[in-house]
Amino acid sequence: MNEEQESTGELILSCGPHISTITNIPKVMYGVILALIPATFTGIYLFGWSALKVVVISMLVAVLTEGVIQWILGRQMSMWDGSAALTGLLLALNLPPRSPWWMVLVGAVFAIIIGKQIYGGLGHNPFNPALVARVVLVVSWPVQMTRWIAPLDGVSTATPLGILKSDGIAKLGGIRLFDLFIGKTGGCIGEVSALALLIGFLFLLWKGYVTWHIPVAYMGTVCVFTGVFWLVNPQRYANPAFHLLAGGLVLGACFMATDYVTSPITVKGKIIFGIGCGIITGVIRILGSYPEGVSFSILLMNAAAPLIDQYTRPKRYGRLKKHA
Amino acid sequence: MIKLKTFPGGVHPPDRKSLSVHKQIEPAVIPNVIVCPMSQHIGAPCQPRVKEGDKVKAGQLIGQADSFVSAPVHAPISGTIKAVCLAPHPIGKPVMAVTIESDGLDAWDDAIQEDLYYSRLEPKDILNRVRNAGIVGLGGAAFPTAVKLSPPKGKRIDTVILNGVECEPYLTADHRIMLEEPEKIIAGLRLIMKVLNVDRAFIGIESNKPDAIESMSKVAKGESGIYVQGLKLKYPQGAEKQLIKAILGREVPPPPCLPLDVGVVVQNAGTCLAVYEAVRDNKPLVERVVTVTGSAINDPKNLRVRLGTSFSDLIAQCGNTNGSVGKVIMGGPMMGIAQHRLDVPVIKGTSGILVLNRKEAAKQESRACIRCGQCIRACPMNLLPNLLGIYCEKGRWEDAEKLHIFDCMECGSCSYICPASRQMVHLIKLGKQEILSIQKKREAKS
Ligand code: SF4
Ligand code: SF4
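Heads up: the sequence lines are chains A and B, in that order.
The numbering of the first sequence is the working numbering, which starts it at -4 and goes up by one.
The numbering of the second sequence is the working numbering, which starts it at 22 and goes up by one.
Hints may contain errors.
Derived Cβ-Cβ restraints for the label pairs, each shown as a range [unchecked claim]:
(1) A:L100 / B:S442: 31 to 37 Å
(2) A:L193 / B:K423: 39 to 45 Å
(3) B:R325 / A:I17: 32 to 38 Å
Don't read these hints as lab results, they were simulated from the structure.
Where a beta carbon is used, it is the ideal one built from N, C-alpha and C, also for glycine.
Looking at chain B on its own, in the form it has when it is part of the complex:
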């Protein structure tokens, strides 16, 4: 076997994937009502293009993206528009959303059909289909894929990395699609390579998914320039910068630099699959695979879900919860977002729904830092999380800035490992907001 690679730093949380990893992807029940937030991505929110009473078909545009960094939203089901108004959102405040009541037909828009000649498409046509399909990074960050595939002039991209790491514990959605649809993923990767005019790609998969390494290798063997790279098991290897470091040894310089500054574009496995479907079938991003799992879920599953389905519907389809539910998290346990209500919809970035019981969710009392240095050894960004935490706690914003607080990607390795249960990520997030608002005030004055 080829030598496994990895990056410096990081932690080893128990992966808990066995709960759902052997469950084949099943289609989730199409709900009667679906709520589509106009903001499901990083960038400007969409403008609703429908009004109450309109009839829509699945795949029809309902939210238009007017700026470059944005992604349009499409109707995940056919039916009637019930409302266009503010609705709860799994990330933060309520946002403008379109509510669709199903007509039970699941009728698709006529434009959505297989293009037998898709492989002859020019790069710019592929890119257009990706943009119009509203595809964003499905790993969780939800950055518009078309933007990533349009590097500014003068930046030379030489490598595409397909992110099959799925380093968050519990989540198995990417793992499943790599087992079940490797051909489509690699076809999507080819399309991305074509857009970027790149002839080399690596597929990074961690050693806890030997079957995925096998299935992807089998397909990649027949492709020139596509290589599967096994990786040691370590969190957060799926973070772009860490994955690039692990596979290519290149370090992405501090912000505002991006992976493309070192000649690399990283795409998640699910995103590649979505790109393939968008380009071949003209199918917009209206469904995704979501892992519903956790100790408090009776029957964990990997579900193919129409966007806009509520969390509670999916939890009901997984045998409901047992015992006392402590926390419901969108995403994985390291970077996921705790929810306070279950009527929020699945959005493009929902990789999983994790339900922890009360005991697991109970927080330890945090204590003073004992300077054990564990967080520093764990921080993949070479930061001093202990000091960042202390500075943010005490409001020493300038000191925090000097320690490059904005290099922090909030991966949570530091808080995870801390024996004093210090909540560095929480403090750092507060600190970043505070510093940004101070900067804004300063700018406003001058």
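Chain A on its own, in the form it takes in the complex:
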């Protein structure tokens, strides 16, 4: 019964099952990275070399930091399993295209050490590492973190949500929804093109690496929340389609909120989590003083995830006895 996995002479002994899926952690992690390629390339195309620089620095530094820390602490070495690279990429996609190199470096180191390794590494971190780093950067270097450029021509601009918050809805007139959808607006490297992000997300769904529950619940709630305000006063509040496509909602909902480690594990839990993220994002965008609230919402809900897990355990098999 309790054979340890060992080798006696020729034959390997271990407990069943004796076969396993070909899916492993690197496959999943590089799968998500692959899914982010359209959004990454769109960002680089729109914002130029500086965006590429941010992506490369962030990913490289994240992977190296992971390796160094694991080596120092004598942990299982897994710097090439894709999880650090993914954290680096997600951080880069959440940064402005003209972020200075030292800020990216600090962010990536921070994401890996404070966001992840301090808790024991992959699987143990309560908060999404890339978002922890991003929030720290926003608080520490607010100027650099809000220096936006317009796509393709590189002149300074503001993000649509920024315009909405500071100048009101009247100034939004020039922004077409279609431009938001394909990414012709100012913003973080990876957040601007909803189209590119959705293509990647569909790939993840098809691979079965993520489920639809969190993104749909999240974006649906933002739609409903902002929709109510818009219906009450369309002169003052932007419509839900705008909220859906502007800012980092699609990136956050599809790729950050769905992080396995920091989101609830059951379907019911995921839906509650998504709704929670949606409400907080709506509250921050409409009532708060920040233009954008995706990062904060996800981090806050990360904190609630263990509690949500507690209350959304699956029903015990056969507990509802039905006998025909």
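Given chain A's structure and the hints, the job is docking chain B with the ligands onto it.
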């Protein structure tokens, strides 16, 4: 075609049945020496009824079952008793076993002959023959069939399910008998229905065996109250609770409840065949069909094997192994038991012998849980395998108990699917043993 049914949860391991599915069942060579463990079933071990030097005929009783939950053991060949002593067993520690040296005659006990009037037998006589024949569930669990066919008073059984699912990858023994002997299987099913006084039965077969569905349907068509139900391909559909859920939509309540608490008795296809032979021919359970297969076997086969034949004899009859053998498993790759020696005997529950090469058998290093939730979606028992694994790893037995660790049937779906290669089943098994021993200590104190 009728709509295919299934249960929630589960996984889709590649079925690898094509290695042996087209091989007709052949009789295996009767070996010179046979070793019959006195414990080949769930329940109390048998008492040996022979001693060294005795002569026995095939089919003669050699191990007597003294308790209700047990099953007698019979001599699979004729010959001389060489030893009655501890011998290696494919499941766990060595157990008391009777070793028989063949006289080369394969002479059968006189009592074993066809009863032309078997269909007139009363239910209690059928049950007696099943009990005396030592029949157990041949799907692998090896629970004594007579016990299953004697539901306690007051439990009403309304349906029998014939389990033709064979959801473990690689195994094809049940598939073959459903192709080759459907009449006998269904006759066995009829006998079981008669014992239980039930007039409705379903035969559950997965969609990867269209030929078996066809052959069984052909026979079932002429029978009233017996229906073939096609099922979607999914592991572990052959587990009793999952099969009942798939076909009838009923959920068996948590232990100690059994399928009979929802009015159902499930019998495996091979068991039905054995019941038929026991009742019609008075033939005890001394042989069974075993699939010998795997990438490291040169010529995979389905063999009709006398119980007590050693694994190595059968592997030799299948063209021996090629390349470097990594693992030899009794049963399928999901729930089968890895062997560390090949002189162990085939027992009643040996559905297959699977030989994997070194590469397939190599274990992945297990990592921390990344909370992907795959195991939870896969667990057919609605458990949280991720947490059970963590709790058992850390010795948090009470927490594991609160998560209903004993509902786990060790199907392996969770470990199979885990991208972090976590060995939940191993941890859960350890946890169960540990919790049981703590409970025993607690009881001893109070
Ligand atoms: S926890 Fe038990 S019942 Fe659930 S999938 Fe794992 S082995 Fe199967
Ligand atoms: S499948 Fe493995 S990694 Fe995923 S939640 Fe279960 S135990 Fe954790």
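Handout entry: Consistency of beta-carbon spacing, S442 of chain B to L100 of chain A, with hint 31 to 37 Å
Key = Taking Cβ atoms as reference, L100 of chain A and S442 of chain B lie about 33 Å apart, which means the hint holds.
Handout entry: I17 of chain A and R325 of chain B - C-beta distance against the hinted 32 to 38 Å
Key = Holds, at about 35 Å.
Exercise for the section: Mind checking the hinted window 39 to 45 Å against the Cβ distance between L193 of chain A and K423 of chain B? Expected result: holds, 41 Å
Of the hints listed earlier, there is not a single one the structure fails to meet.
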